[in-house]
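J.: Here is what each chain is made of, one letter per residue.
2 protein chains.
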Amino acid sequence: MAERLNIGLFGFGTVGRGLYDVLEETRLKEARIRRICVRNLNKDRGVDADFTDNPDDIFGDPAINLIVELIDDADASYRIVRRALEANIPVVTGNKKMLAYHLRELVELQRATGTPLLYDASACGSIPVIRNLEEYYDNDLLISVKGILNGSSNFILSKIFNENMSYPDALRMAQELGFAESDPSLDIDGFDSLFKLIIITLHAFGRYVEPERIFVYGISSMNDDDIRFATEKKRRIKLVAHVEKLQDGRMIMCVIPQLISRDKYIYSVEDEFNGVVIKGKFYYKQFMFGRGAGGYPTGSAVLSDIMACFYHYKYEYKKLNSESVPEYTDDFVFRIYLRYSADEDLALFRFRTIREKYVSETSKYVVGDISLHDLYTIRDDIRGRNLFVAAYPEN
Amino acid sequence: MAERLNIGLFGFGTVGRGLYDVLEETRLKEARIRRICVRNLNKDRGVDADFTDNPDDIFGDPAINLIVELIDDADASYRIVRRALEANIPVVTGNKKMLAYHLRELVELQRATGTPLLYDASACGSIPVIRNLEEYYDNDLLISVKGILNGSSNFILSKIFNENMSYPDALRMAQELGFAESDPSLDIDGFDSLFKLIIITLHAFGRYVEPERIFVYGISSMNDDDIRFATEKKRRIKLVAHVEKLQDGRMIMCVIPQLISRDKYIYSVEDEFNGVVIKGKFYYKQFMFGRGAGGYPTGSAVLSDIMACFYHYKYEYKKLNSESVPEYTDDFVFRIYLRYSADEDLALFRFRTIREKYVSETSKYVVGDISLHDLYTIRDDIRGRNLFVAAYPEN
Chain A
135 MAERLNIGLF GFGTVGRGLY DVLEETRLKE ARIRRICVRN LNKDRGVDAD
185 FTDNPDDIFG DPAINLIVEL IDDADASYRI VRRALEANIP VVTGNKKMLA
235 YHLRELVELQ RATGTPLLYD ASACGSIPVI RNLEEYYDND LLISVKGILN
285 GSSNFILSKI FNENMSYPDA LRMAQELGFA ESDPSLDIDG FDSLFKLIII
335 TLHAFGRYVE PERIFVYGIS SMNDDDIRFA TEKKRRIKLV AHVEKLQDGR
385 MIMCVIPQLI SRDKYIYSVE DEFNGVVIKG KFYYKQFMFG RGAGGYPTGS
435 AVLSDIMACF YHYKYEYKKL NSESVPEYTD DFVFRIYLRY SADEDLALFR
485 FRTIREKYVS ETSKYVVGDI SLHDLYTIRD DIRGRNLFVA AYPEN
Chain B
135 MAERLNIGLF GFGTVGRGLY DVLEETRLKE ARIRRICVRN LNKDRGVDAD
185 FTDNPDDIFG DPAINLIVEL IDDADASYRI VRRALEANIP VVTGNKKMLA
235 YHLRELVELQ RATGTPLLYD ASACGSIPVI RNLEEYYDND LLISVKGILN
285 GSSNFILSKI FNENMSYPDA LRMAQELGFA ESDPSLDIDG FDSLFKLIII
335 TLHAFGRYVE PERIFVYGIS SMNDDDIRFA TEKKRRIKLV AHVEKLQDGR
385 MIMCVIPQLI SRDKYIYSVE DEFNGVVIKG KFYYKQFMFG RGAGGYPTGS
435 AVLSDIMACF YHYKYEYKKL NSESVPEYTD DFVFRIYLRY SADEDLALFR
485 FRTIREKYVS ETSKYVVGDI SLHDLYTIRD DIRGRNLFVA AYPEN
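Residue numbers (the working numbering), protein chains in the order written: chain A, 135 to 529; chain B, 135 to 529.
In short, the hints are calculated from the structure, not lab data. Treat each hint with caution, since some may be false.
The list cannot tell twin chains apart, which means a pair is met if one copy fits it or any two copies do.
Listed next, the in silico BS3-like pairs over lysine-lysine satisfying Cα-Cα at most 25 Å (straight line) [stated by the list, open to error]: (1) LYS177 to LYS452; (2) LYS415 to LYS368; (3) LYS177 to LYS415; (4) LYS419 to LYS398; (5) LYS293 to LYS448; (6) LYS419 to LYS368; (7) LYS448 to LYS367; (8) LYS398 to LYS415; (9) LYS398 to LYS293; (10) LYS293 to LYS419; (11) LYS413 to LYS491; (12) LYS177 to LYS413; (13) LYS413 to LYS452; (14) LYS398 to LYS413; (15) LYS448 to LYS163; (16) LYS163 to LYS453; (17) LYS379 to LYS163; (18) LYS163 to LYS413; (19) LYS452 to LYS419; (20) LYS415 to LYS163; (21) LYS452 to LYS163; (22) LYS398 to LYS379; (23) LYS491 to LYS293.
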């Protein structure tokens with residue numbers, strides 16, 4: 135074990151700053167930040183640290199024995215992580231988009247180089263979901279992982295549902311509090327949840343699925359009619375990411391708003407919190423809940439990864455070698471609520487069964503069964519239209 | 135890594151049988167039960183396995199490379215665990231009472247022999263609380279761990295509070311479902327929670343405190359007046375185990391029924407479930423929730439320990455060597471509710487302040503502030519009397 139980790143840090147946004155503060159306050163002997171690489175060297179950071187805008191000042195410093203990468207740009211993040219692994223420098227990242235697109239090759243690269251890449255902080259901030267899926271839930275017959283993985287959209291939904299706040303006000307508030315990504319569409323349209331779901335699925339079921347293959351749909355077109363419908367049914371709308379192993383051994387994945395009834399654990403996950411329900415055959419349901427966004431909780435999660443590096447922890451990716459890695463499928467029928475305006479929009483949806491149909495002068499909706507595959511097929515057509523889709527399970 | 139773990143199992147009660155079934159169903163290549171040592175060889179176990187009543191048949195079998203100890207008797211459990219460690223055979227145990235009394239020397243013995251002892255299954259069944267305290271929450275400034283750690287008493291409280299069941303009926307139901315220990319007073323009087331709290335505290339704060347030093351008080355004297363009081367205040371009574379680091383760096387611990395308000399996470403922990411709230415300076419609160427009792431969930435937790443052994447995992451007990459291990463103190467004042475009958479019983483309590491006093495023809499109670507130390511001093515005097523004490527926090 136190295137006597138001390140000398141960290142080369144990339145990025146000094148909300149999470150980078152959070153990590154800096156957490157390290158200052160905990161005063162660990164085991165790790166300290168040696169140099170910080172930022173894009174704009176002229177910005178006043180308000181801390182006494184050694185900044186640079188040249189990555190070579192990090193990679194060329196022989197004293198640096200850990201790279202921590204907390205930048206927004208997924209392409210730049212990928213270059214840093216790859217370069218670190220190739221130089222045999224352990225690396226911690228929080229960039230879920232980068233991971234979601236490159237996990238397969240990064241797993242290979244870790245194997246080839248023997249150098250660890252840790253990223254528990256990338257999914258659900260302070261909730262140790264990856265580590266637990268990797269280490270603890272590795273032998274029971276895991277059935278599903280389902281959760282609210284995006285603090286920002288959940289914050290907005292909470293403000294809308296509980297405080298009657300308008301959508302733009304709630305979004306602005308989330309951004310001011312540092313919960314929202316710099317590109318809010320990542321949060322609102324479900325892509326941030328999708329990226330985390332892909333990472334989680336790899337550790338839960340040993341299967342990597344490309345982001346493009348998954349149906350993802352967010353909350354940006356939700357309106358007052360949808361909120362009223364949910365409230366009348368004593369439910370709340372939550373943006374849910376979901377992976378589940380079917381009885382036939384195949385596996386479905388999706389990110390979709392869901393009408394959640396009161397007796398579900400995630401019904402009570404409010405504000406910027408995340409909540410994950412892990413279901414197994416023998417332990418039934420486990421619920422993990424905590425802050426999924428914000429500089430301090432995420433910085434604290436990054437620190438957990440740093441300390442794991444200190445103790446030479448690596449993800450083993452045991453499940454990738456399991457005999458029964460499930461195939462991904464979207465051949466799965468489920469019940470949805472669809473609020474729409476124009477009848478030609480309704481015609482896009484190939485419902486198997488229509489269970490309810492409601493038309494008034496101001497509002498129209500149907501409740502019916504549709505296959506995930508059919509939804510996936512029309513994913514680009516339905517985005518941006520005056521309609522809203524949510525999963526509407528029987529209970 | 136051993137090619138396969140050949141398990142010598144002690145005990146075939148609810149959890150032992152649960153482990154057997156979980157292993158049968160998951161059909162792991164990595165581990166199988168080779169022999170089972172039970173007290174009564176004549177009892178029909180209904181499974182096709184190699185039973186013995188002689189411990190030497192386990193310890194003398196050179197093929198056995200893991201001992202799993204799931205018996206009720208804490209003294210016998212201690213002898214088995216000690217013998218296993220001294221013979222350099224890794225051992226998994228679920229016996230919290232044994233651990234609570236012997237953890238200090240068992241930590242030493244692990245160090246001396248280099249042989250691992252794992253016991254995540256001993257606290258909170260399927261919730262990986264020890265592993266997470268040990269591995270994940272090891273660097274943030276941990277403030278407190280608080281939770282419902284006993285599924286059986288919580289099951290009883292749920293039945294009483296939600297279904298108006300009588301206390302004896304609820305207890306019988308818990309026993310029939312296999313949630314209650316063979317000695318129900320361990321559950322009801324809080325000792326099972328205490329044992330788990332002692333284990334958790336060692337992994338949370340690096341401090342071992344003897345069970346005798348802790349104030350522990352259960353629910354056996356709770357009556358309808360107490361339930362009515364709680365309900366009127368829109369609270370529920372839960373049996374809560376609690377360890378908290380005070381601002382002065384010292385640490386309090388106790389097990390006591392608590393009047394829990396609706397906005398607390400553990401308010402919604404019902405039936406045989408356990409819930410643990412871990413509070414840290416930077417991630418605020420984490421909530422972990424799952425089945426804490428029953429053969430399958432606990433068997434599944436034992437299997438997690440077994441697989442961790444397979445991968446050569448050991449508890450590092452890092453916090454024991456920390457520079458700031460907190461001292462235990464009971465010098466702490468808090469608000470309690472006391473329902474009593476005889477005035478001489480009230481006189482036992484050295485209240486600092488009485489905030490409310492209520493007397494009717496059938497019921498009397500006070501709400502007031504008292505020190506944990508003063509409660510500890512009268513712990514033997516108040517047990518078995520017609521009175522009931524519960525912590526009653528301001529919010």
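J.: Now look at each hint and say whether the structure bears it out.
T.: These are the hints, each one checked on the structure:
1. LYS177 to LYS452: So LYS177 and LYS452 fail the 25 Å test inside a copy (44 Å) and across (39 Å) alike.
2. LYS415 to LYS368: The answer is neither: 29 Å in one copy and 35 Å across copies each exceed 25 Å.
3. LYS177 to LYS415: neither (53 Å within a copy, 29 Å between copies)
4. LYS419 to LYS398: Intra 11 Å, inter 20 Å, cutoff 25 Å: intra and inter.
5. LYS293 to LYS448: neither (39 Å within a copy, 44 Å between copies)
6. LYS419 to LYS368: Result: close within a single copy only, 23 Å intra versus 27 Å inter.
7. LYS448 to LYS367: neither (46 Å within a copy, 49 Å between copies)
8. LYS398 to LYS415: The answer is within: 18 Å in one copy meets 25 Å, while 29 Å across copies does not.
9. LYS398 to LYS293: Result: close both inside a copy and across copies, 20 Å intra and 20 Å inter.
10. LYS293 to LYS419: Classified as between; 20 Å across copies, 28 Å inside a copy.
11. LYS413 to LYS491: The answer is neither: 33 Å in one copy and 47 Å across copies each exceed 25 Å.
12. LYS177 to LYS413: This pair counts as neither: shortest intra-copy Cα distance 46 Å, inter-copy 34 Å.
13. LYS413 to LYS452: Within one copy, since 19 Å is at most 25 Å while 31 Å is not.
14. LYS398 to LYS413: both (13 Å within a copy, 23 Å between copies)
15. LYS448 to LYS163: For LYS448 and LYS163, both the intra-copy (21 Å) and inter-copy (23 Å) Cα distances are at most 25 Å.
16. LYS163 to LYS453: Between copies only: 14 Å across chains, 35 Å inside a chain, cut-off 25 Å.
17. LYS379 to LYS163: between (44 Å within a copy, 21 Å between copies)
18. LYS163 to LYS413: between (38 Å within a copy, 23 Å between copies)
19. LYS452 to LYS419: Cα proximity of LYS452 and LYS419: one copy only (22 Å, versus 30 Å across).
20. LYS415 to LYS163: between (42 Å within a copy, 18 Å between copies)
21. LYS452 to LYS163: between (32 Å within a copy, 13 Å between copies)
22. LYS398 to LYS379: within (20 Å within a copy, 33 Å between copies)
23. LYS491 to LYS293: Neither: 29 Å inside a copy, 41 Å across copies.
The structure fails hints 1, 2, 3, 5, 7, 11, 12 and 23 (numbered hints given earlier, in ascending order).
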